[in-house]
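Quick note, the sequences are listed as chains A and B, same order. Numbering-wise (the working numbering), the first sequence opens with residue 1 and increments by one. Numbering-wise (the working numbering), the second sequence opens with residue 123 and increments by one.
Among these hints, one or two may not hold up.
Straight line, CA to CA, 16 Å or less: simulated EDC-like cross-link-like pairs of lysine to aspartate or glutamate [stated by the list, open to error]: (1) K4/A - E24/A; (2) K155/B - D143/B; (3) K244/B - E231/B; (4) K244/B - E24/A; (5) K155/B - E88/A; (6) K76/A - E251/B.
Keep in mind that the hints were calculated from the coordinates and are not lab data. For clarity, every value in this text was computed on a predicted model and none was experimentally measured.
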Amino acid sequence: MPVKLAQIASWLQAEVLSGHALLEREVLLAHAADMMSDVLAFSHPGSLLLTGLANPQVVRTAEVAGIRAVVFVRGKRPSEAVTLLAQEFDLPLMTTAYSMFDACGLLFAQGLRGWSLPEGRA
Amino acid sequence: MTPPQDQEPELLHAFTIAANDFAGAGQVSIAVKNLLKEVGFSAQCLRRVAIVAFEAEMNVVMYGGGGGLSVYLAPALVRLVVEDQGPGIPDLDLAMQEGWSTATPEMREMGFGAGMGLPNIKRNSDRLEIHTSPGRGTKLVAEIILT
Ligand SMILES: Nc1ncnc2c1ncn2[C@@H]1O[C@H](COP(=O)(O)OP(=O)(O)O)[C@@H](O)[C@H]1O
Ligand SMILES: [Mg+2]
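Chain B on its own, in the form it takes in the complex (with noise of 0.2 Å):
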């Protein structure tokens, strides 16, 4: 028998991320984990699934100029790819440290920009991969295997 973790991810829905819309903000993350919440895992799992996908929303929203967050699922593991087209990350290794930020005082004042999310997301994926290119966009696929 295939160990469930060799199985291929399959699309469980995408969603669109509006730019720049503060107010709606991470509604996407809570949709990600209402949809989570029917197929039936651990707590702590769903908790994890959604913080990366709320840090990555707001990043999204923040940073990328709205884009996409599609979430994959298989027997033992939760996919999510969330992409942008919008200025992409020049340094990653300074991006990914704890406290570094581009966040506008707007951004701070909303509670963001702390320099924390990426961190956050890193230290709540089993694998995470982020692709990102100047003027390309960003592609941040996170993996969460589930217990």
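Extracted from the complex, chain A is given alone in its bound form (with noise of 0.2 Å):
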């Protein structure tokens, strides 16, 4: 289901980090992750990510693995350094004081899926 990111962001509480112009665009499905490894395996373009990490390898990560945008959960919050190279990379960053638990469950409970389900596949 596509979301737009203003929305993930309202559902969410989040606040946004970068990207604050890029907030129409949709993410289609969602990939939770801290292993990146997990991400470059398994998620897939045009998702949204959860991490509880908020390290450059991070955003690096989302740009090879064509992520689309980037919620850190437990209220993390990345340095200026990171966040300005998701500038770089036109990737907005937002960050949520919701568990990685909590913040997967909003998001589903409104009907963002994941790649796991053939709803989210398609």
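Can you join these two chains into the complex? Each is in its own frame, and there are hints to help.
This is the structure in structure tokens:
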């Protein structure tokens, strides 16, 4: 189900850290991981990434894997350098106070899906 | 006419990968992606090349003590050659297994060390060769056929 980033931010009561002008962009499905190899192996292009990591590799992994936006969970905040890197790649970043489980659950309840369900891949 | 696959790939660019530069790790692969974007082939191929480059680059940073990544291009093929003069991989069959890793807790905190790098590289390559011996470093040659 395509969902606008502005809608994601509102559902997660998230603070947008980069890509303020890109919130009309849509994500098609979502992937949650703290291991970047897991993102590279399993995520689908066009996904939203939810993660508890906030280092430069998250942004580079997103760029490599075709991730459309990143949500940091548990109130994680990347450094200024990471935010600048994301701006370079036109990658919206946001942070939510919700835990990984709760953030995923809230998005799922609204209809967003992952790649392991047929609706997610549709 | 010779099929394009038979043409020997030509060197497009050679990059240096700095040792233990965790903050910068991955930037070479982004540069590879940008370089190939200009050449212009499918997003899916570009993604596969970038994933192979990225995992290989991370390994050179984390284990190889720095090294190099060269990109070769033929009309229907990208070849990545990623080399280091690090400790080598003592048991390659074991290292190729998903989940096997000697990563430190610091590396795991960065999001790497799930033991999925080499399997990811294999899955995204159409041909993969790894030459390695203890004390003499590691050379990985991966080819991706362009579609
Ligand atoms: N360039 C290298 N030099 C030395 N050892 C390596 C290199 N690449 C991989 N290895 C070894 O192979 C293991 C598996 O690598 P990989 O599949 O990428 O998983 P990970 O990096 O998550 O551990 C590593 O933990 C390491 O012990
Ligand atoms: Mg690895």
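Status of each hint after checking the structure:
Pair hint K4/A plus E24/A holds up; C-alpha atoms about 5 Å apart against a cutoff of 16 Å. At roughly 20 Å between alpha-carbon atoms, K155/B and D143/B are farther apart than 16 Å, so this suggested pair is violated. With a C-alpha separation of about 24 Å, the suggested pairing of K244/B with E231/B is violated against the 16 Å cut-off. The hinted pair formed by K244/B and E24/A fails the criterion: a straight-line CA distance of about 36 Å is larger than 16 Å.
Our distance criterion of 16 Å between C-alpha atoms is met by K155/B and E88/A, whose separation comes to about 14 Å. About 39 Å separates the Cα atoms of K76/A and E251/B, which puts this hinted pair outside 16 Å; it is violated.
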